[in-house]
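Residue numbers (our numbering), protein chains in the order written: chain A, 7 to 476; chain B, 7 to 481.
No lab work stands behind these hints: they were computed from the structure. Note that CB positions come from ideal geometry on N, CA and C, so glycine has one too. Mixed in with the good hints, there may be bad ones.
Unchecked claim - Okay, derived cross-link-like pairs now, SDA-like style, lysine to any residue, Cα gap no bigger than 20 Å in a straight line:
no. : chain 1 : residue 1 : chain 2 : residue 2
1   : B       : LYS262    : B       : GLY180
2   : A       : LYS157    : B       : LYS193
3   : A       : LYS334    : A       : LEU321
4   : B       : LYS275    : A       : PHE300
5   : A       : LYS157    : B       : LYS275
6   : B       : LYS240    : A       : ALA32
7   : B       : LYS193    : A       : CYS63
8   : B       : LYS275    : A       : LEU357
9   : B       : LYS153    : B       : GLY141
10  : A       : LYS161    : B       : LEU274
11  : A       : LYS15     : A       : ASN56
12  : B       : LYS454    : B       : GLY279
13  : A       : LYS238    : A       : CYS63
Claimed, not checked - Computed, partial: chain A to chain B, Cβ under 7 Å:
no. : residue
14  : PRO73
15  : HIS74
16  : LEU297
In case you want the letters, here they are:
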Amino acid sequence: MISEKSRPKPFLLPQTCKACGRCISACPKHCIELGTEINPLTGQTPIVINYDQCNGCGLCIAACPEPHGLMAEPGEIDFELVDPAHLFGHRTSDAPEPVALPDQRVALPRVEPMILKGNHASAVGALLAGCRHFFGYPITPSTEGAELLAKLLPKLDGVFVQAVSEVATVNMMYGCGGAGQRCMTFTSSPGFSLMLEGISYMIGAELPGVFFNVMRGGPGLGNIGPEQADIKLCCRGLGHGNSHAPVLAPATPQEMLDLTMVAFDMAFKYRSPVILASDGYLGQMTGRVTLPDFMIRPGLPEWAVFGDRMHRRNLHTSILLIEPDLEKHNQHLNAKYAQMFREEQRSDAFLCDDAEWLIIACNTPARMAKGAISELREQGIRVGLFRPISLFPFPVDALRPLLGRVRGVIMVEAGPGQLEDEVRLSLSHAGVTQLPPITRVRHGGGVLPQQHEIVEAVRALARPAKGGVA
Amino acid sequence: MSVFYNKFERHAHGEGLKGISTHYCPGCGHGLIHKYIAEAIEELGIQDRTVAVSPVGCAVFMYYYLDVGNTQAAHGRAPAVAIGHKVANPEAIVFAYQGDGDLASIGLAEIIQACQLGLPMTFIFVNNAIYGMTGGQMAPTTLMGQKTATTPTGRSRIAGEPLRMAEIVAQISGPIYVERCALFDPKQRMRAKKAITKAFRLQAENRGLSFVEILSECPTHLKLSPHEAEEWVKDHMLPIFPLGVKKDEEVEPWFKLGPASFEPENVLKVIGGTNQKPPRYGSGFPTHIDPTDISIKFAGAGGDGAQTIAMLTTKAAINEGWDSTHIPSYGPESRGGTSYADVRIASGEVLSPACPRPHVLVAFNPPSLEKFGPTVRPGGTVIYDRSVIPEPPALPDNLTVIPVPCSEIAMDMGKRMVKNVVAMGALQAATRMFPPESFLIPLRSALKDNASVLDLNIEAFERGRKACEEAMAGL
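The shape of chain A in the complex, shown without the other chains (with noise of 0.2 Å):
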């Protein structure tokens, strides 16, 4: 029991009390009352404390509500009271200045191909990527890629969470991205909608974290089947606010594990969530897939927030209160978003070199029209097929130079025509004025359009029925 004599006496710089008088009830000696000078620093009238009176009992600091209010008399500290920025220091903490451990690429031994449906090589591309924490909400036809790692992650001493929702199951990507580590979730359109304002808190606060959609029919509950519209919402619209992230567009298992893979590197070198734009068709489709030579075994990035000594001074948040603060932000996402213009497009060209009628088509729609493709070859037209692999940044750089030499475009899509819209989106923000007359093969519904509709829409325009114009 420490004497009443020795007892630290409370002590209070006058411009950090608000006046709210707590400590005047909490003082048994009553020895506290409000005072009657406004101080000219903050316009209250700071309390003021009968010292005569005090035995030092500590209550009214511990009712005290600010931080640096009322505290234990300071004994030998020389205080400088003007300058409250001198008198607490400059240093706002004794937290170390984070440093990156970096990623480890691991060699992985070679192995025969796997034979596996789409959302299984996503999956398998996840864990090779590094990733071990899973979050998702069950929605078909995304389940199997979360089934599976379900499975696996725990071998693996990963974690694996079905969240209680999808607006939960981006949160939690919000939390253990912050903290650094490789996260991902499945989900399909509808469930997709549902994470869009977390997508944006976490474009906001810079944080990584792979979203596979597995795009089915829409608008509203739609139905399963395979629907090419939810290009617009990854592409143009990622919640709120200036929000762009990178969109991957896979078109086979091989691709889908080989671009999951692709999406953690992005999702990290750009600190943003990365969008792997799939279709219900491609997701259910078996094939031959070669895994790569290495794995990842992931560092710990300095802005993570871990939860140790190393990373303590970190914070991750999406507000700025103050205007130019934001705007400053804003730059500084419109300069990596231009960053991924410049280094992330992505395309496949096929036969194009000496195409006349150019295919653009992604995901499994462009694999009909490679069938289509071949066909029509035999008949002799001169078809080629560009499939952007990246839809966001769109790849304009490689679409360009295809454009001046072919007589039309082909649109496939199945969808209201939302690459279309992104394609024409793109080039003009490109400054590419002129196009090149587009004709269209458009399903919706779950409907896919068919190898044969392609065929036969390029046939018409390859060679006119009789009396046509040319």
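Please build the complex by placing chain B on the supplied structure of chain A, with the hints as guidance.
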């Protein structure tokens, strides 16, 4: 106090008074609760390990003040963010701090799930019966009759009754410690501080989840003086929100996760990669069917097993060194109606995975045969289950149409389920695309955990081959 930053650099860049004082109004309870949290963290020596999840609400800027790892969550989602942090690093001490709108309205699902999971985490719930940051609207905890910006004449029956979160949470099995405290006098404050410290200690000891609800004052929106607000909490909130321990279970430390494995050998084992090359039995691409690209359609009712043998055929083809894809039919058909599968096998790359014009059709029921029979290419092959389709529809003359009594053979073997494997045997015999052994390898692999039915399936395959050869001889 070291758990508070010496200077609040994040508060308007720490300029002037903002560098040393909070953004809270005079008489607000948040500052006190922050202080008790800081003291608890210091006392337990967990400052370096702590991750604080700030909410949306007046406490959104908690990260201005606490010198710990900080993250700021979307409205209501702090528990989900906290779960993300806890499973990312089980050593971290993760706590979420939420107001009544955040936790008890928009974030109800998240807090309930966090409590259901019961991972060792700490939840501090600040209940002041009103929305502070948005300007004094009704909260889920607003009292009956209480006037707010959205209940201008007082909360009435139509706006529902206040939610008692501590009692709700205490009923969930996950949390081990739930208490409701208050701040209105020194005794209550001492209890609140003790409760907060305990809530952190139980996490630090890996025992479980704690939930501390604190009745707090919002003089600004209650339009009362700080002292009157304390009295109001005591007189009006206490009868609705009784203080005290709602749950306090003795639990042994249990929480442990990871560390995750990144050993290449282990990863390969888990994903099933193997360097064992499957044996090849075929001598080359079955060009007698097509020079480069073969299409096979399998069709039946859901449960006929069309998908299974389609998958086995794809595996056989890939093992033989060719590219192959299998896609199942989509939609409600796969729940019992028509089920069909497209298999493509190509010497190079499979271009389109669909089979609009198959070389071979395997049909298990009349609608399948009627629908897809006419799509088979001239010169192609149709195999159908004669037991189910006694009277097949007329098909083009240029097809080889082979009736095989798949179901009868299967029933004769005592397992109707294996009729699909009978059909696969027939497919092999009819097309000779690969030797029988090519089909048996993936069949053995698929049944490796179910050896008891393997022999039965091999027999089914053989009988299918034989039946097909007999049928072909009779054509």
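Tell me, which hint numbers fail for this structure?
2, 8, 13
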